[in-house]
Amino acid sequence: MPWRTPRTALDRLRTPRRSPKFLKAASICVLLAGLLSPTAAVTAQAATGAAQVAAPNDYCGGRCSDILPPGENGNATLAQILLNQAFGTQPDHAEDQLGPYANLATGYSTLTDAKINNFFNDASFGVPSDQVASTEKPAGRGDVTIVRDKKTGVPHITGTTRYGTEFGAGYAAAEDRLWLMDVFRHVGRGQLTSFAGGAASNQGLEQEFWRNAPYTEADLQAQIDNAVAAAGDRGKQALVDVNAYLAGINAYIDASDSGRYFPGEYVLTGHKDAITNAGTIEHFKLTDLVALASVIGALFGSGGGGEVNNAISLLAAQSKYGVEEGTKVWESFRERNDPEAVLTVHNGESFPYASRPDSPQGEALPDAGSVAQEPLVYDRSGSAATSSAGSASTTAAKTALTSAKRGMSNALVVSGKYTASGHPIAVFGPQTGYFAPQLLMLQEIQGPGISARGASFAGLSMYVELGRGQDYSWSATTSGQDIIDTYAVELCQDDYHYLYHGTCTAMDKVEQKNSWSPTTADSTPAGSYTMRVWRTKYGPVEYRATVGGKKVAYTTLRSSYLHEADSIIGFQMLNDPDYVKGPKDFQSAVQHINYTFNWFYADSQHTAYYNSGDNPVRASGVDAEFPVWAQAAYEWRNWDPTTNTSDYTPPSQHPNSIDQDYYISWNNKQAKDYTAAPWGEGSVHRGNLLEDRVKKLVAAGGVTRSSLVKAMADAALADLRAEDVLPKLLQVIGSSAVTDSTAAAAVSKLQAWVSAGAKRTETSAGSKTYADADAIRILDAWWPLLVKAEFQPGLGSDLYTAFGNNLPIDESPSAAHGPTGSHAGSSFQYGWWSYVDKDIRAVLGESVQGPPAQKYCGGGSLSSCRDVLISTLKQAAGMTASQVYPGDDQCSAGDQWCADSIVQRTLGGIKHGKISWQNRPTFQQVVEYTSHR
170 MPWRTPRTAL DRLRTPRRSP KFLKAASICV LLAGLLSPTA AVTAQAATGA
220 AQVAAPNDYC GGRCSDILPP GENGNATLAQ ILLNQAFGTQ PDHAEDQLGP
270 YANLATGYST LTDAKINNFF NDASFGVPSD QVASTEKPAG RGDVTIVRDK
320 KTGVPHITGT TRYGTEFGAG YAAAEDRLWL MDVFRHVGRG QLTSFAGGAA
370 SNQGLEQEFW RNAPYTEADL QAQIDNAVAA AGDRGKQALV DVNAYLAGIN
420 AYIDASDSGR YFPGEYVLTG HKDAITNAGT IEHFKLTDLV ALASVIGALF
470 GSGGGGEVNN AISLLAAQSK YGVEEGTKVW ESFRERNDPE AVLTVHNGES
520 FPYASRPDSP QGEALPDAGS VAQEPLVYDR SGSAATSSAG SASTTAAKTA
570 LTSAKRGMSN ALVVSGKYTA SGHPIAVFGP QTGYFAPQLL MLQEIQGPGI
620 SARGASFAGL SMYVELGRGQ DYSWSATTSG QDIIDTYAVE LCQDDYHYLY
670 HGTCTAMDKV EQKNSWSPTT ADSTPAGSYT MRVWRTKYGP VEYRATVGGK
720 KVAYTTLRSS YLHEADSIIG FQMLNDPDYV KGPKDFQSAV QHINYTFNWF
770 YADSQHTAYY NSGDNPVRAS GVDAEFPVWA QAAYEWRNWD PTTNTSDYTP
820 PSQHPNSIDQ DYYISWNNKQ AKDYTAAPWG EGSVHRGNLL EDRVKKLVAA
870 GGVTRSSLVK AMADAALADL RAEDVLPKLL QVIGSSAVTD STAAAAVSKL
920 QAWVSAGAKR TETSAGSKTY ADADAIRILD AWWPLLVKAE FQPGLGSDLY
970 TAFGNNLPID ESPSAAHGPT GSHAGSSFQY GWWSYVDKDI RAVLGESVQG
1020 PPAQKYCGGG SLSSCRDVLI STLKQAAGMT ASQVYPGDDQ CSAGDQWCAD
1070 SIVQRTLGGI KHGKISWQNR PTFQQVVEYT SHR
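Residues 170 to 1102 (this note's numbering) make up the sequence shown, in order.
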């Protein structure tokens, strides 16, 4: 039974779209007879007439809400998986948050405060007595209780001891996400194929993450030891907490194994026998959590990289235009500090970081044509040697090495000065993609030194990572500032020795050997390979090249390398009501998080913002955009290669703010002069969709929770190209009469769409047909055609391609684009919209701050530019829906709505239906505190 072909990096463990042969009805009846009875061990724990769980110290006054689709329950027994595959039935609480989440897309226009919880959950502390679905004492402990509510099944963990509280958190996590946790600990260790099967998608996933975090067991343990030692008493407490959490996970493994209600995927992948119960579910250990954290950090909190690609495009620009003009052209596309970029800290305060030096020092640009990517996979055999396996490796490497990291997540926060109640309001959350089960899980934890409710990554839920405390809430968006640098190590003796401070030093070889055989879940034929990484003191080798004729290896060094466990202290602080009592305490807490995130805060009186991450202090003259020589003069200041520590920029130099009139973030530029690693932070960014709406609300005053949700939901349906770029394109076309009937009809449809709001929205709830469908189809077809016709003639094919490697041209909802893939919701993060906007405005003769180095459309001639736009528009208008939306494993060709639709990508055995496209956080909070301690 092969898993489906993946569309995203995380889309690895698939269930078939149709019922496979082994799920015939007769077989199901036989299996269910033997499998349903063990599940009673779970339901027998439900308590009737349970006492009400008090809501301790909740200052939100019923105005805190949250949502996390598809549902809290991410575990399913084999019987439940078989029923889902055959008949579509869902385990309890597996998708009960998916409908309310999806319905906001068509229900937000009439939203009121009273209706918010039609689309969100009540996130108040505790569970009313009439809403208690079950009460359990995990492993019979007397110091912790897990109560689950009837509506969503969220675990509310209350402990009388710290150890018991954390034990309960671990137990609840395993109840809800055990299989997913097991998958990701194996991903982090580079062992997914041996665990879950050798599908090409699984090969690609383990390769993507292990390339950048090739840790040995000793490395993982050392990170724990170092993190604990560096954090004093809090570090010691964290270690105790994690051990208790692990004990809870392992207690559930033992209980579910003996009771035979463990996740059914263990049977389908050959780890357990459905009849005899033979087989083992391995206990979790401390180092597993570090491996898991390395995956999450790499996905969402590790900005930087891409220096080699930057060098290649710079050299291409200099080759075409000469060094001086080529550098000018390159910088205009890079947009390091574009004056028209939307900012989170918009009061004009400057936070210089990774700025372009006046006289760059130590640059090690490759000789033209000499760059070769370092191989990762060796000794392929069987199915590992197929073309699909090779393609998966290529995609994994490209994703791992790009600076266009998946950002996602947004935040809208308004000061109480501009709200109807006088209290701040926030609508915020992370866009972590859509999976079944979801990567995050909801929980409430109440115990000594811990009081919080919210979301945490499965397997790391000893603390709430994004959520609320007693009288405050916090959330994050990915920031993307550069904490990764590329060094050119000069080779000596052979290809596996390099010069370190003048001494010829051997590289460390780290290997992971994997093999697999067919299983019920994955019929991929037997195969094997070895992943091999060569490590230097400057990090893993990623490329080989020559620089001035000298053979070098390019390595990548990130400040969070060997520090995957450090951030636990910041999360511990956020959960501690005795630590966080106001905005400054919040900022102090998130300073301890070394992931690159934008953090937002709201209580009843204040709002706050802080940009986290260990930003290395670079040597004077080093340009963070390009590779530099691996020499002492160009290393991070006071860098210690043994521990990978250095000097970091102080908190005051990180973008931060308290009580600004409002904050927005959608992975846009943080503040003036603060350079982020990804390209594309120019005049048009999806952050503008939030900025324009929130700014208007604040100007009018009287902001409410529902009006701020409306602003978010409206932006979530907007096509950024249509809202912010298309009007200028139509202005060029309309500079003289359009006489061609095909072009005129297309222009009319596009103008009508813009006038209607430029949304990608259904004609009515559930219609699965877009209003303005023709206009949407035309723009989807036109954008790549017009970008190429606008820029390639001037740039030339080589430079146009090189810039396309730095920044993808488009990221529409239906495109199988970059690291997001299709059906992933998040859209319009990376694209050439700013380039098109600035160039078209320049051709129109309008004022442009940070203008392009040259005018590209039509060579700068308005009439010629118009001809280019009309020609490509006619071509686009002639393309059928089947050509624009060619179909995939989810959709038939020509189905526009389906092409955009969001799919809960299966990471286990339970499937869910598609929902209409929205560009919004996966986990989301709506909060307005009415009082404070």
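Note that these hints are calculated values from the structure, not bench results.
You may find that some hints are simply not true.
Stated by the list, open to error - In silico DSBU-like pairs for lysine-lysine, Cα to Cα no more than 35 Å straight-line:
#: 1; residue 1: 918; residue 2: 319
#: 2; residue 1: 284; residue 2: 750
#: 3; residue 1: 937; residue 2: 1083
#: 4; residue 1: 1083; residue 2: 320
#: 5; residue 1: 841; residue 2: 918
#: 6; residue 1: 897; residue 2: 918
#: 7; residue 1: 719; residue 2: 864
#: 8; residue 1: 928; residue 2: 750
#: 9; residue 1: 864; residue 2: 841
#: 10; residue 1: 879; residue 2: 865
#: 11; residue 1: 454; residue 2: 489
#: 12; residue 1: 320; residue 2: 306
#: 13; residue 1: 841; residue 2: 586
Being a predicted model, the structure only gives us computed values, none of them experimental.
Hint by hint, here is what the structure shows:
1. 918 with 319: violated (48 Å)
2. 284 with 750: holds (30 Å)
3. 937 with 1083: holds (11 Å)
4. 1083 with 320: With a Cα-Cα distance of about 22 Å, the restraint between residue 1083 and residue 320 holds, given a limit of 35 Å.
5. 841 with 918: violated (38 Å)
6. 897 with 918: Holds, because 15 Å separates the two Cα atoms, which is no more than 35 Å.
7. 719 with 864: violated (54 Å)
8. 928 with 750: At roughly 41 Å apart (the allowed maximum being 35 Å), residue 750 and residue 928 break the hint.
9. 864 with 841: Holds. Residue 864 to residue 841 sits at ~18 Å (cutoff 35 Å).
10. 879 with 865: holds (13 Å)
11. 454 with 489: Violated - the C-alpha atoms of residue 489 and residue 454 are around 55 Å apart, more than 35 Å.
12. 320 with 306: holds (21 Å)
13. 841 with 586: holds (25 Å)
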